[in-house]
Amino acid sequence: MLKGIDPLITPDLLKVLAEMGHDDAILLADANFTAMRLAAGKPVLQLPGVGMQRAVQAVASLLPLAADVDSPVAFMQVSGTTAPYRSALQREVLDLLQPSLLPGQSPEPIERFAFYERVSGVYAIVLTGELQPFGNFILRKGVIGENIRP
Numbered sequence: 001m002l003k004g005i006d007p008l009i010t011p012d013l014l015k016v017l018a019e020m021g022h023d024d025a026i027l028l029a030d031a032n033f034t035a036m037r038l039a040a041g042k043p044v045l046q047l048p049g050v051g052m053q054r055a056v057q058a059v060a061s062l063l064p065l066a067a068d069v070d071s072p073v074a075f076m077q078v079s080g081t082t083a084p085y086r087s088a089l090q091r092e093v094l095d096l097l098q099p100s101l102l103p104g105q106s107p108e109p110i111e112r113f114a115f116y117e118r119v120s121g122v123y124a125i126v127l128t129g130e131l132q133p134f135g136n137f138i139l140r141k142g143v144i145g146e147n148i149r150p
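Just so we're aligned, residue 1 is where the sequence shown starts under the working numbering, counting upward by one.
In short, the hints are calculated from the structure, not lab data. It cannot be assumed that every hint is accurate.
Pairs of lysine-lysine residues, derived as PhoX-like cross-links and limited to a Cα-Cα distance of at most 25 angstroms, are as follows [stated by the list, open to error]:
| # | residue 1 | residue 2 |
| --- | --- | --- |
| 1 | K42 | K141 |
| 2 | K42 | K3 |
| 3 | K15 | K3 |
| 4 | K141 | K15 |
| 5 | K141 | K3 |
Input sequences plus hints: build the corresponding full structure.
Next up, the structure:
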């Protein structure tokens, strides 16, 4: 056990988050997501029985969101809906992440099949126990550091 680290963060998840570099992304997926097929050699970590909101809270406590993109957070749009529709789960998770977004940044809804394509570029997948369909979120990592010295 380490001080200051959410106990939900497993040693493997901590390692993956630490290995990720600037602009790498991690997918937090619901229990129905086709993680093993889409992972294609990427790490797949499991948080069975853990809901999405709790998983995002734990990961976001350590992962800085990218400041140099318009949408450091993406989510799978519910099929048959159009933006700005968001399910209750999506609203809850996005509300949780809102304080980490900079002015001008907003979450990006992505159509289901386009979302699957986006997953090909993520660093790792965290498969949660979330049972709500379309409960899938991609978080893009930013940097921690000082301002650039002139």
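Tested hints:
1. K42 to K141: holds, 17 angstroms
2. K42 to K3: violated, 29 angstroms
3. K15 to K3: holds, 16 angstroms
4. K141 to K15: holds, 14 angstroms
5. K141 to K3: Given pair K141, K3 holds - Cα atoms ~22 angstroms apart, limit 25 angstroms.
This entry does not satisfy hint 2, going by the numbered hints stated previously; all others are met.
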